[in-house]
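Sequence order for the protein chains is A and B. Counting along the first sequence from 1, when you hit position 21 you're at 21 in our numbering, and nothing is skipped either side. Counting along the second sequence from 1, when you hit position 27 you're at 27 in our numbering, and nothing is skipped either side.
Read the hints as simulated data drawn from the structure, not as lab findings. These figures come from a predicted structure and were not determined experimentally. Think of the CB as a built atom: it goes at the ideal place given N, C-alpha and C, for glycine as much as any other residue. Don't take each hint at face value.
What the hints assert, rightly or not - Below, computed lysine-lysine pairings styled on DSS-like, alpha-carbon distance capped at 27 Å:
#, chain 1, residue 1, chain 2, residue 2
1, B, 93, A, 74
2, A, 62, B, 104
3, B, 259, A, 74
4, A, 74, B, 211
5, B, 40, B, 199
6, A, 74, B, 202
7, B, 259, B, 211
8, B, 17, A, 66
9, A, 74, A, 22
10, B, 146, A, 76
11, A, 76, B, 95
12, B, 104, B, 158
To be verified - Partner residues aside, some chain A positions facing chain B, computed with beta carbon under 8 Å:
#, residue
13, 39
14, 40
15, 41
16, 42
17, 43
18, 45
19, 47
20, 50
21, 80
22, 84
23, 85
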Amino acid sequence: MSGSKEERQKIAKEALKILRHKEIPEGQDPIEILKNIEFVMMSSIEFDIRETTTKILDYLDKNDTKSALSLLEKLKDLVGALDWE
Amino acid sequence: MRKLVIVKFGGSVITTKTERKAINRRNLDLICNEIGIAFKGSDKNLIIVHGGGSYGHPLAKRFGFRYSQISAKENKGKTTTRNSKDVLRHYSKIKTTMEELNRKVVETLLLHETPAISFHPSDFSVAYEGEICSMFTDQIDLCLDKREIPVLHGDVVKDKTVGTVIVSGDQILSYLAKKYKDILTFVIVGTDVDGVYTKDPKIKPDAARLKVITPQLINELKLKFTTPDIDVTGGMRKKVETLLELAKDGIDSIIIDIKQRGILSNLIKEGLPQSFERGTIIKK
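Next comes chain A alone, as it looks inside the complex (with noise of 0.2 Å):
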């Protein structure tokens, strides 16, 4: 399924929110901020969320906006469980 440009970058704020990220700037394209993220990493959880996000970035190029969105319950699934490291 695809969709339209606002749609993907809907995705991508979506997954940045899950990812606690700062605020998205005005005027700033929260798809490429996504792209641009670094992880800290010191635990599979974390791996596992990098990993997560990197598959809705490819869903997003490859504009399969279904697939995308499936993944985000994952993605707030995994940050939630650091909640309780």
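Use these hints to put chain B onto chain A, whose structure you have.
Here is chain B on its own, set in the frame of chain A:
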């Protein structure tokens, strides 16, 4: 009083990711064995803190339990629309589930002949905006006097501003490290990776494990943790920040792959080395 080492290990190490409420028996046995060896081979006191793994998080998620340390500030003053009976029921369920995990950790420590004693933070802690603001630690003091090992865990805790919050093992570690600063030698953070990476070594050829992290080094690396061009995400950033804060307070810590045999016991017995090939040291 005897010198103290605080050992914290993530819930993801002692539980399995794929199943809810499933213990990773191999890892838990290995860690408890290491602690047993170290306890008998040294005269130091120990406090153990563990995370929630597949015990705490899935339930919190199922109940839509949204208040963590990071979201608590944003939600200050907001009241939940959920029925208060539900909130209490969910709080109690998460609490008892975490107690189950803690009991398994303590039972395994006892099998390895260590005088481990269960402590549930929800029973004696209060939070404010997602951070622990008070903890009644007199019983922990008494345990340390008798060289017993208090075992605490990530938990749900009553919060003065938002009702109830999830308090992570890292937060408990941080509170206790500051509280026992005068007798604390160092902190060991056990995870399933051999230290801190700022890039994923699987995909970035220039990625490297950091052997030592200092507040100064973080600046030099341009790992700008506050208002950066390149951001490190909140959930992950918080863990390193917690240890950096301790370092600024003069409390050193080391992050190790706690699944590796011999590392934990040697560190407790020998103390923190100047440099370490199989972990990341965080110091001032």
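**Q.** Interface restraint verdict for residue 41 of chain A against chain B (beta-carbon cut-off 8 Å)
**A.** Holds, about 4 Å.
Review point. Residue 259 of chain B and residue 211 of chain B: Cα distance at most 27 Å?
Key: Within the cut-off at roughly 18 Å; holds.
Does the closest beta carbon of chain B sit nearer than 8 Å to the beta carbon of residue 43 of chain A? 4 Å, holds
- Query: For the pair supplied as a hint, residue 74 of chain A and residue 211 of chain B, is the alpha-carbon distance within the 27 Å limit?
  - Reply: Status violated; Cα separation ~31 Å.
Let's test the interface hint: is any C-beta of chain B closer than 8 Å to that of residue 39 of chain A?
Given a least distance of 6 Å, the restraint on residue 39 of chain A holds.
Minimum beta-carbon distance criterion (8 Å), residue 80 of chain A to chain B
6 Å, holds
Supplied contact hint for residue 40 of chain A, tested at 8 Å Cβ to chain B:
Since the shortest Cβ distance to chain B is 5 Å, the answer is holds.
Chain B contact restraint for residue 47 of chain A - C-beta distance below 8 Å:
7 Å, holds
**Study point:** Pair hint residue 74 of chain A and residue 202 of chain B, alpha-carbon separation not exceeding 27 Å
**Key:** 21 Å, holds
Q) Do the alpha carbons of residue 17 of chain B and residue 66 of chain A lie within 27 Å of each other, as the hint requires? A) 25 Å, holds
* With a cut-off of 27 Å on the C-alpha distance, tell me whether residue 93 of chain B and residue 74 of chain A pass. => 23 Å, holds
**Prompt:** Is the Cα-Cα distance between residue 146 of chain B and residue 76 of chain A 27 Å or less?
**Reply:** Not OK: residue 146 of chain B and residue 76 of chain A at ~43 Å, beyond 27 Å, violated.
Violation of the numbered hints given earlier is confined to hints 2, 4, 5, 10; the remaining hints are satisfied by the structure.
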